[in-house]
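Student: The lines below spell out each chain.
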Amino acid sequence: MKMVRRSRALLLTMASAIAVTALSKGGAQGQSSDTQVVKIGVIAPLSGTQPARGKIIEVAASLAIDDLNAENKGKRKYEMVLLDDGNITHQAVTAAQRLIRNDNVIAITGIISSSSQKAIQPLAERAMTPVVGMIATATGLTDGFEYAFRATGSNDTIGPQITDFIKRSGVTKAAIIGDDSTYAQSLVQEAIKGAKAVGITITATEVYKTGTADVTAQVANIRRSGAEAVIAFPIVGADAATIARTMVENGLKLPIYGHNALFTSEAIKLGGSYFAQLPAVHGAGSVDVSRPIAAAFYARMDKAAGFKVPQNEDAAQTYDAIRLISLAVNAADGQRGKPLRDALEKIQGYVGIAGAEGSAYGFSPTNHTGLTGKYLVQYKYADGAFAPVN
Amino acid sequence: MIDFLTFLRSGIMLGVTYALIAYAFTMTYKSCRAFNFAVGQVTVLAGLLYVSLSSVMPIGAAALAATACTAVLGILIYFVVVRRPDVLGVEPVSLLILLLGISIVIERTIPQIWGYYALAAPPLVPGGFSAGGLYVSYQQVAGFLLAVLTISAVLLFERRTMLGKAMIATGSAREAAITIGINDRQIQAIAWGIAFALLAVAALVITPLTSAGIVSAPRYSVLSISAAFIGGLGKGSGALVGGLAVGIGSAMIAGYWSTEYADAILFTLIVVLLLTRPAGMFGDARALKGARA
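One line per chain: the protein sequences are A and B, in this order. With the first sequence counted from 1, adding 135 to any position gets you this note's numbering. With the second sequence counted from 1, adding 12 to any position gets you this note's numbering.
Just so you know, the hints here were simulated from the structure itself, not pulled from any lab data. Computed from a prediction, not measured in an experiment: that's the story for all the values here. Among the hints, erroneous ones may be present.
Below, simulated SDA-like cross-link-like pairs (lysine to any residue); rule was C-alpha separation at most 25 Å, straight line [stated by the list, open to error]:
id, chain 1, residue 1, chain 2, residue 2
1, A, K438, B, T121
2, A, K388, B, I71
3, A, K388, B, R21
4, A, K388, B, L17
5, A, K443, B, V148
6, A, K331, A, K388
7, A, K404, B, L17
8, A, K174, A, L218
Listed below are several chain B residues computed to face chain A (Cβ distance under 7 Å; list not exhaustive) [unchecked claim]:
id, residue
9, R120
10, A130
11, P134
12, P135
13, P138
14, R171
15, V253
Glycine included, every Cβ here is placed at the ideal spot set by N, Cα and C.
Taking the hints into account, I'd like the entire structure generated from these sequences.
Tutor: Written as structure tokens, this is what we have:
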């Protein structure tokens with residue numbers, strides 16, 4: 136009996152000691168005496184309609200974690216907890232709950248859709264766990280949230296940058312076509328505002344379902360509207376190809392302007408022969424592949440992924456998001472919650488993989504969108520590939 | 013006029029594709045009261061098989077081989093996922109979950125084999141022609157003819173051959189069919205094989221016009237299953253009418269009404285139709301009651 140009591144007392148003492156140590160380190164998990172384990176949650180669409188993007192996010196996040204561990208030898212050990220949301224909002228919420236409650240992550244990134252990030256933000260707010268989205272660009276997404284950030288831009292800066300470029304190309308009337316995603320529809324609204332600001336008349340606004348087999352009606356409406364150019368916001372490359380093919384087959388040979396999905400390898404492979412038959416195809420992206428840092432990064436990505444990775448935001452901003460989290464972790468000395476959030480808000484002038492030459496990430500108490508200003512790079516299709524335009 | 017013809021052309025191509033998929037859905041339902049929700053995923057899978065095979069053999073041979081492989085897959089799924097649980101006495105609702113599971117397995121397997129992006133499928137017949145300002149590709153002509161001939165052949169098979177009649181008999185009264193000596197297992201396996209072959213034909217019709225990618229699978233499933241219900245669950249001819257109604261209807265609504273609300277309008281019309289005719293246009297209300305039970 137005495138032996139049992141002694142064992143119980145010993146166990147209690149050990150448990151108390153462990154608890155005190157954990158609390159004194161501000162919630163860092165499972166660390167030994169001098170190495171703190173920092174878990175970062177990554178939510179990616181490994182299944183569903185966009186598994187290609189999920190795979191790229193996974194590879195880019197792994198690369199960032201490996202780099203951080205190589206740089207932080209002995210001090211911090213970064214771990215990625217990767218969960219699949221299938222790009223479905225309620226699955227993203229479940230994944231976030233698991234990451235916060237079960238995996239005790241210090242911050243969450245990934246999440247390709249604005250609607251999913253919007254749904255996760257209140258949970259993260261209650262748990263005081265920063266969410267640093269990497270691609271969700273819906274206007275006002277992080278407004279009103281203390282723990283919501285994004286390592287990307289906002290549609291209210293993307294839309295006007297695209298319409299400004301179109302105006303400089305001499306277009307006065309344009310039609311818009313976008314899929315039914317929150318991303319595309321938000322961008323459509325911002326492009327309409329941007330067009331109005333620079334004096335471009337929007338002649339038609341057309342919508343289609345992601346993964347559609349047919350956009351004939353939309354293209355016919357655009358033709359009837361008398362547009363001089365088409366502003367296209369597909370979320371997947373295959374849809375960009377479908378739009379170009381339908382335009383060519385129906386004799387609508389107008390230039391296309393748009394965002395990053397236009398220059399994915401999928402769009403080029405499926406739609407390249409149609410792009411070549413149009414007067415011009417322009418896509419704006421936040422990665423300038425002519426910058427050495429970006430070129431070197433994508434060479435590493437290709438090797439790590441085992442396939443040619445599209446040189447767009449998915450990989451670059453996932454990597455940058457994890458880097459931004461790690462900067463804040465260092466500044467907060469490994470503490471989580473409010474100190475980590477405050478440290479994120481103080482990040483200024485971080486030059487990442489994404490962003491045009493001269494642009495940098497920065498947050499502030501009033502701005503949780505990392506990329507602001509003129510950070511987009513215009514690309515043009517020529518000879519089977521997209522290349523940056525001066 | 014040119015717009016009308018353009019919408020009609022794309023509506024017909026979508027319509028025959030949905031009709032083939034709806035027929036496949038209705039055939040597996042008819043044979044063993046199983047809702048095969050993996051129809052969209054199998055269609056994409058068949059399209060990808062066709063893409064791969066066409067790189068190592070002539071187009072015609074690749075189309076036949078992809079159809080045969082998909083039919084064999086259907087028979088395998090029948091024996092492993094449908095028949096065995098049936099023998100073990102698994103509830104119909106569990107069968108539903110099993111078949112949903114199959115759709116997820118296919119969805120997750122495709123990227124591992126074919127990569128993460130949609131692939132371009134070669135046309136059955138390359139080229140095309142313009143008539144009065146309307147461009148028509150030979151793939152559209154060949155796809156349309158292939159779809160109509162395939163559906164007609166399967167309808168004739170069901171109505172005119174002993175095997176086809178045995179299939180209908182097994183579907184409507186399995187116990188009675190067994191009593192008169194019909195091998196229900198064999199008949200159901202044939203039905204699953206034919207259903208999956210129909211999905212492969214749907215892939216041959218649509219993927220050369222678009223691409224073969226898993227992103228399209230959910231839309232194929234939703235619109236085709238809707239077409240099956242519109243035509244009347246269990247009716248092959250109903251699947252054809254339902255498919256064409258959904259395909260042409262969605263193209264016309266998008267063309268003349270609204271692309272933004274095309275799906276909402278289409279599904280509102282479907283709801284109105286099913287409220288007034290719960291068994292669909294050609295369906296048997298008694299069969300529907302049986303399905304509910």
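Student: Against the earlier hints, flag every one the structure doesn't satisfy and list their numbers going up.
Tutor: Result: hints 2, 5, 7, 11, 12, 13, 14 and 15 break, sorted rising.
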